[in-house]
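Novice: The residues making up each chain are set out below.
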Amino acid sequence: MNRQITRLAVSALVLLVALIGATTYWQTWAAGGLADRQDNAIKVVAQFTIRRGQIYAADGRTVLATNRARRVQGRTLYFRRYPAGNLAPHIVGYSTQVRSRAGLERSQNDYLIASNKNLRTVLETTLDRLRGVTIKGNTLVLSLDAKIQALANRLLAGQCGALVALEPATGRVLAMASAPTYDPNLIEKRFGELSRIEANCRPAAPLVNRATDGLYVPGSTFKVLTAAAALESGRFRLDSTFDDPGYCIEYGKRVTNYADQSGPEVFGRVDFTAALQHSINAVFCEIGKALGPLVLIEYAKRFGFYSVPPLETPVNERAPSGLYQGSRLFRPKNRFQVDPGRFAFGQERLLVTPLQMAMLAAAVANGGLVMKPHVVERVVSPDRRTVARAKPEELGRAVSAETAAALTSMMEAVVSAGTGTAAQLPGVRVAGKTGTAETGVPGLNQTSFIAFAPADRPRVAIAVMLENQEGTGGRTAAPIARELLQALLAGGSNS
Amino acid sequence: MALVTGTGFASVYIAGQDVISTGSLSYGIFFLSVFLAAHLVVRLTVPQADPYLLPMAGLFVAIGVIEIYRLDPDDALRQSLWIVIAVGLFTATLVLLRRDYRRIERYKYLVGLAAIGLLALPALPGIGTTINGARLWVRVGSFQFQPGELAKILLIVFLAAYLRDKREVLAQGRLKDLGPLLLIWGAAMLVLVETRDIGSALLYFGIFLAMVYVATARIVYVGAGLVLFAAGAAAAYRLLSHVESRVTIWREPWTDGAVYCAQTGKLLPRQDCASYQLVKSLYSIANGQFAGTGLGKGTFAGTTGEPLIPDLNTDFIYSALAQELGLVGASALLLVFMLFTLRGFRIALLAEDGFSKLLAAGLTFGFALQTFIIVGGILRLIPLTGITFPFVSYGGSAVVANFVLLAGLLLVSDRANTRRL
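Protein chains in written order, with the numbering used here: chain A, 10 to 504; chain B, 771 to 1191.
Think of the hints as simulated: they come from the structure by calculation, not from any bench.
Being a predicted model, the structure only gives us computed values, none of them experimental.
Where hints are given, some of them may not hold.
[To be verified] Lysine-lysine pairs mimicking DSS-like chemistry, simulated, CA-CA at most 27 Å apart: (1) A:Lys381 with A:Lys310; (2) A:Lys198 with B:Lys1036; (3) A:Lys52 with B:Lys946; (4) A:Lys156 with A:Lys126.
[To be verified] Chain B is nowhere near these chain A residues, computed Cβ spacing over 12 Å in every case: (5) Leu17; (6) Trp35; (7) Lys52; (8) Ala55; (9) Arg79; (10) Leu128; (11) Phe276; (12) Gly277; (13) Arg311; (14) Pro323; (15) Asn325; (16) Glu447.
Glycine included, C-beta positions come from ideal geometry on N, C-alpha and C.
So that you can see chain B by itself, here it is in the shape it has in the complex:
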């Protein structure tokens, strides 16, 4: 079944490429073989795993690469290499943990510390790199990596293990057991604020609350968490200028008159300055209308070929897709994201032990929340914070992390289904 669906997606991909340039069939063949390989790995290591997840992930990645190719063929080549690496790591994860992934539970503190370590890595002088005001990258030679992406998964693993251990006592309200939890989580938040990565901070916080809720069934914790969050957000708004600016952009992207522009130090309408990217991206989405302009026919460059939207193929790939695929295509894509989320939660429901349930639920919710934070930011539902669109965005670390996430879900699923037989 996966093979059939996979082939279908590959052919869609080839057709899509055909619109852009006839000479890029090789991309389609390359894709087909990569996914065939991934599929074989899945069949061999986790034969009973959910059959829909891999093809859906394949679809996301394929759509992503098509759009990245359309925006910048060189980036598409790099992305393809990353996909190969990602599938390699995916295979490694499956092979290493196929017997019983639950043994990592024993190393939960190690995992938690590793997550913090990874998060703190970019803050280290020498190897950390600042891009667009956020210090998220590690650079070794010409090799760039965003360790936060993997840290997210490790943190979810830690939370799942820790919460399974302490859920009963936590449910009874023994606050002392929250200690290590808050410690690790607090450290993570501190690092995120330090690196100015608000989007990830929001994501981690959401995952944390969701997992605590699933583990304890105490809505009080969620309530307290939200109150804490509101207080934290208010403080951040007051104290951190970049947070305040994000909120201002969100509330009022267009101004009739000129306002102070921090980037140039001049007076400009806000749509020409701070909210330039958001506004141009909204124009791009609106231009898609119902049916879209068609793949390869969207407008992303001005009359002299200058790009209209910065970071289009990373954080803003959704606005490129929405323009070219229109409401029909964008909604269809989001529906598949919903389907992926549903399958993920289904795995959590079917899993037998608490660790597996928490792990699957955490990974899935993280996937859905990340989608909401970036796309919701682009659509001006919430203030815009730059994180990647899962599987679709250009970015090596993100693709690798997402495939590891997929491997985790498949492992849980395989175990649950095997035990049921």
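Only chain A is shown next, with the shape it has when bound in the complex:
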């Protein structure tokens, strides 16, 4: 019988050895693949064992995102909390269990959980892991000015729209507000309450960052770009003169100027500055016809149109500006595919984001040089060392300094004695441009205002865009811009 027993013993051992083999397979060979699977709840939990880095406004004191530690089954898990509530949710975003992430919480996740590849961070997290201590993420300090951001939210209260303030010389985002705003603390457990947020548009869609993802008809604010193309191409000069009959003929039909109760305005013989100052559609229609749409598109691209504007927020939360066909960018093959006159004064199928319009204003303010916008100023390690710091970066030159200077003087005239007088500030030279675009619903416009100040030595550039307005850009958006510019200049945000 002993021979059989020996054989049985061998087969039993083979079975047990197979178990060791299979354990080895799952714990080494297959472990990586399993870790990456979406339904791997262990890896989800692991994310919450890391103390995520905090997010601060530019003052380094206003906490936009922090953690609340909770003991769950004998271990400490860190859940996100947003003490500043609805101050800047569209930029900061959220990190929750149920709805993954958005905003910087998503795009800067590597920094926030300290899995970025900087040598120091790698060393420290490895040491922490070996010692079994909680891994601490890096902190973000944003360029957002908490006070201006709060003011921006107040100015936009009840509205649908957005507002962006940039520092022209650096591309620093000083304020970026999207209305209606929301409290990111609601995302986790009270998501339903977000659908009850109301504003003067429907659906209110509070989660959308309208500043970077909202597409608006720019209307006359786009005339700044048309003027830039006209001057830079050499086809027109600051002292060029135009004859305004009150309309412009396109495809055999009249395209009329802005009309009030007494009918369309007629200005007669005007110079270039006056054309922008009074936002004369007929003149810009003629300029558009003279330049052609392809030239306009070429100059628009120099300012950043037709590509997704750079910013640290997730790329799917930012939209490119340009001509659209349906929900896609339209790239015309020849000049006959686009109506040049309407394009020149910001209609046609042109859609823009507030960020892109702020970049346009900032580029003019910065002598024609487009700066890369950024909102993350510094990344700081848990032991308060700087891991990364934003440096001003040029995206490219859009127009020459001379053209920029000419545009500045024209835009100054808009505010001093044109459509944008509501943005005037005592003792400060403000350059700006209004925009009023009809939306198809009678009496309701998308209004906008872009500006920078002081005109001689610009420190801030802004764009304000509003939905469903009964008045013009000069009466709705310009006053908001004025308040904002005043606060920005008073705050002394020196570069």
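Please arrange chain B on chain A, whose structure you already have, making use of the hints.
Specialist: Here is chain B on its own, set in the frame of chain A:
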């Protein structure tokens, strides 16, 4: 020697507890005293028995209780009480049978019928309880017991006695003598299919074939048995939906798209439905990687504290251990299981009479095969069937049965070693 090893294990246990909570030294002291008692019993009743088996069993139980404690301290307390009962029954077995355990050979048919009776117990209305789709439990008041665990040992005893009696004639191929054997075995299988306990059915079948082989040396019987098994498995796959579902889960635990989910009646990816438990358990094992997360530092609960793996401390305790101890610890544990198996077979080799040899070989193979069926199921080597991990899993009846199994091996060993002196 056993004392030294036992103390070593107890101190390991104390250290292990220390990681989890400093206030649980009492568990270590409790353990030390229980095993000291068990050791003294062994020294008094079976002084010549194999000295390695009890310490190894102590290690399994200790690791089990540590992990159960880590998952649910209340369960650990209950398990400790069961261990005391188990050691009591262990002592009783040793004391009652220390003179000559072979006298139970005479009552082999009684033993066989008792095994069937125990197996059929949960099927009786009134006291039988269904848990997780298997009708395996007997409930009297608040007291729950799984009689199948003890039935397994009785069946092995019956097989050993019967086969020793008839081995010569069976070896010559007189099929008529297979009759009573097939009858008892067939009844056992019927009961198991009725109670939907596929894992145990597989285990019994394996033990049966192994013991017939050891007794007759006829590989033909094993071959025929395997053919029969294949036919039975194919039939079960066709006829029994829960068998089919186990095989499907085993073959394809992950699906990219949604498939019909019988539990909710909706369309879901299979990993979120039928194979949820297997998949989550594999994630747990994979998370251990080489060195493990460390005792008490594994992840078994979601962010709100909800458990990620159902039945973690019973059938799935191996995946908890594999995560916290890693490849190193899990392999070490399996190596000790191999050592236990080797010692068991060694006892079978040293035993002098056929009954003792068959008994020891049957008990040992049952131990090894049970380990393979549950851990292999967890590791997706074979379709998963829920049976307990010997000595380690949470479960009173299992611990009691395993200690009785240990007592059996010690008795055989003691007799063999005494006769050799």
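Novice: All hints are to be evaluated individually against the structure, with a verdict given for each.
Specialist: The hints, checked one at a time:
1. A:Lys381 with A:Lys310: holds, 14 Å
2. A:Lys198 with B:Lys1036: holds, 25 Å
3. A:Lys52 with B:Lys946: violated, 60 Å
4. A:Lys156 with A:Lys126: violated, 34 Å
5. Leu17: At about 6 Å from chain B, leucine 17 (chain A) fails to clear the 12 Å cut-off, so the statement is violated.
6. Trp35: violated, 5 Å
7. Lys52: With a cut-off of 12 Å, lysine 52 (chain A) comes too close to chain B, as the shortest Cβ separation is near 8 Å.
8. Ala55: violated, 7 Å
9. Arg79: Given a closest Cβ separation of 9 Å, the condition is violated.
10. Leu128: holds, 24 Å
11. Phe276: Nearest chain B Cβ is 65 Å from phenylalanine 276 (chain A), so the label holds.
12. Gly277: holds, 70 Å
13. Arg311: Given that every Cβ of chain B is farther than 12 Å from that of arginine 311 (chain A), nearest at about 45 Å, it holds.
14. Pro323: Label holds. Min Cβ-Cβ 23 Å, cutoff 12 Å.
15. Asn325: With a cut-off of 12 Å, asparagine 325 (chain A) remains clear of chain B, as the shortest Cβ separation is near 23 Å.
16. Glu447: holds, 47 Å
In this structure, the earlier hints numbered 3, 4, 5, 6, 7, 8, 9 are contradicted, and the remaining ones agree with it.
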